[in-house]
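Protein chains: 2
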Amino acid sequence: MATLPTLNRQIVFKARPQGLPTPACFELLTSPVPEPTQGQVLVRNHVLSVDPYIRMRMEAVDSYAPVMRMGEVLVGRTAGQVVASRASGFREGDWVVGRLGWQDFSVAQAGELQAIDTTLAPASAYLGALGSTGVTAWVGLMLFGQPKPGETVLVSAASGAVGGVVGQLARHLGCRAVGIAGGEAKCAQVKQAYGFDECVDYKAANFNEALRLALPQGVDVYFDNVGGPILDAVLPLVNHFGRIPLCGLVSQYNADQPYGVKHLREVFNRRITLRGFVLSDHRDQFEAANQALLAAYAAGHLKHRETLTHGLENAPQAFIQMLQGAHFGKQLVQIT
Amino acid sequence: MATLPTLNRQIVFKARPQGLPTPACFELLTSPVPEPTQGQVLVRNHVLSVDPYIRMRMEAVDSYAPVMRMGEVLVGRTAGQVVASRASGFREGDWVVGRLGWQDFSVAQAGELQAIDTTLAPASAYLGALGSTGVTAWVGLMLFGQPKPGETVLVSAASGAVGGVVGQLARHLGCRAVGIAGGEAKCAQVKQAYGFDECVDYKAANFNEALRLALPQGVDVYFDNVGGPILDAVLPLVNHFGRIPLCGLVSQYNADQPYGVKHLREVFNRRITLRGFVLSDHRDQFEAANQALLAAYAAGHLKHRETLTHGLENAPQAFIQMLQGAHFGKQLVQIT
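Listed in order, the protein sequences are those of chains A and B.
Under this note's numbering, think of the first position of the first sequence as 50, with each following residue one higher.
Under this note's numbering, think of the first position of the second sequence as 50, with each following residue one higher.
Hints listed in this document are in silico derivations from the structure and should not be mistaken for laboratory results.
Possibly wrong hints are sitting among the right ones.
Stated by the list, open to error - Using C-beta positions, here's what the derived DEER-type ranges look like:
# : chain 1 : residue 1 : chain 2 : residue 2 : range
1 : B       : 68        : A       : 262       : 31 to 41 Å
2 : A       : 233       : B       : 306       : 24 to 34 Å
3 : A       : 223       : B       : 192       : 25 to 35 Å
4 : B       : 119       : A       : 256       : 48 to 58 Å
5 : A       : 253       : B       : 79        : 52 to 62 Å
Only a predicted model underlies this, so the values are computations on that prediction, with no experimental measurement involved.
Ideal Cβ placement from N, Cα and C applies to all residues, glycine included.
Pulled out of the complex, with its shape left as it was, chain A reads as follows (with noise of 0.2 Å):
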């Protein structure tokens, strides 16, 4: 460890936004790194994944999960290596994803660390398709989407990092995959990098025209990370007995007034299934959707894509630029 930093940088969370963040709302501070005890590891930390749902924890209400506190490490998945290890089962050069947060160096205990092979999938990939973010997508879909081969999946978010999973894996089902995603650029390469069948850019002025004739025979799963008026556009074009797995709420996070969805009534007239779900509820299912994201991936049905910010101090732009939607894939910071 002779050539380690002896300092750990950390991003700590100063001040709750109102709306969109602004870099006032994070703070850098510096500290020894840690030391190990029996039974620990010392990580470090190379890859940061940044996303969306830190924003709700960011508010002065829980919501899903508890909120943030003052003074806390932002959290966040990481991928690193072990430099230092006093538990059994991890070596040091290991590489290990966790949920070790905006910092150079964490400790962890061995049971908090998955070991990843970098020889099947670049370490970044782990924290994308093959991570959280692929489980995420693989849980909303075969649990609440239940889709069939020939039915249409429709994914807002589609240029994010579950969105473009879902995707894929519906085409890989044999369904019809369409997006929505903000922009021609995006949209085209929504439809280029996962294969979608088709890309719909809700900044257009047409766009519920659009949308419509997109989906020519209706949506029979809408993978929504969005709510608000996308999921309002959307329920209209829901076939009976439709499903919808809300995994997130992109457009109402930083919102003022939460959007008032009005074709609810949908719900009722197609016998529509609107489920939201967490992730963490369905650890049962984590080792499943693993298998079936890294064999997917082998054979080149999944792509990872990612945006990669330079340094673990702008990490907080990343973040601020993802909620508006600057990236393309799974946004990450490159702390090393």
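Assemble chain B onto chain A, guided by the hints.
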């Protein structure tokens, strides 16, 4: 048949309503009593069921079911007696229920009729707690609500026909049953007639606070008959993994503009399942439901309550008043 009238009065659909229907939407026509042909039965309708769903079928655009055409006899179930039979299995004097419409006499195929046993319960109960109404309550609660003993079941339109049965079934299953109804008097009646543990007046100024106080353990199942602002008030009180069977949207049927539901983020936060259902999709459940309802009725656990309007000619007024919440229990029209 010598003493029977030779003329049949029918109430037909005359004009689409704007907002609340008016008597001008209906017309009473007279024609000769029809003759049954081979395989048919002629039924004299004694009691007519008048239901909120009809309002949706008066729209210009199909909803959960096709809209009614102008000049069509209003749809509705009746209880009546066979006055002439050319079908095996039915004899003169037999009591039956069927979807026979707003009229004095109906011809029907034998397969469209169900025989009822008026020694077990009065004929009108087979249009309410022991009929489609009761089956709707049972299917929605058991299939989609899935209440467990000790859970809290909340029901909107608790003073209505479906709501009253839901509350009684929930109590019988060992749940706490809380109703929502319009006005103090109705709330008192809901508790007294059906045995709800609590009932909250949605017309009261302190509705939100009173609702919260009536639900110290939150809501595990919200059986929703009304949608709109009451659904919005309930969502923040639903427990994690709560279930919301959506049985109807009475609050929205006469609305100019659909209400925008603001608290859908709770569906995500609390992993709620919101499920629209329509009884006709669940014929495979009818036998189990009917058996359960009859058993509960026989054992005294299920009470049928009705509001009876006299005279077929007053059916439109009964329907209009019911949409305004003037009734308690099942709204029926005594034809004979």
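Structure-based check of all given hints:
Separated by about 33 Å at the C-beta atoms, residue 68(B) and residue 262(A) satisfy the suggested range of 31 to 41 Å. Remark: the range hint 24 to 34 Å for residue 233(A) to residue 306(B) is upheld by a beta-carbon distance near 33 Å. The beta-carbon spacing between residue 223(A) and residue 192(B), approximately 29 Å, falls within the hinted interval of 25 to 35 Å. At roughly 36 Å, the beta-carbon separation of residue 119(B) and residue 256(A) lies outside the given 48 to 58 Å, and the hint is violated.
Restraint check, residue 253(A) to residue 79(B): a C-beta distance of roughly 57 Å satisfies the suggested window 52 to 62 Å.
Of the hints listed earlier, the one the structure fails to meet is number 4.
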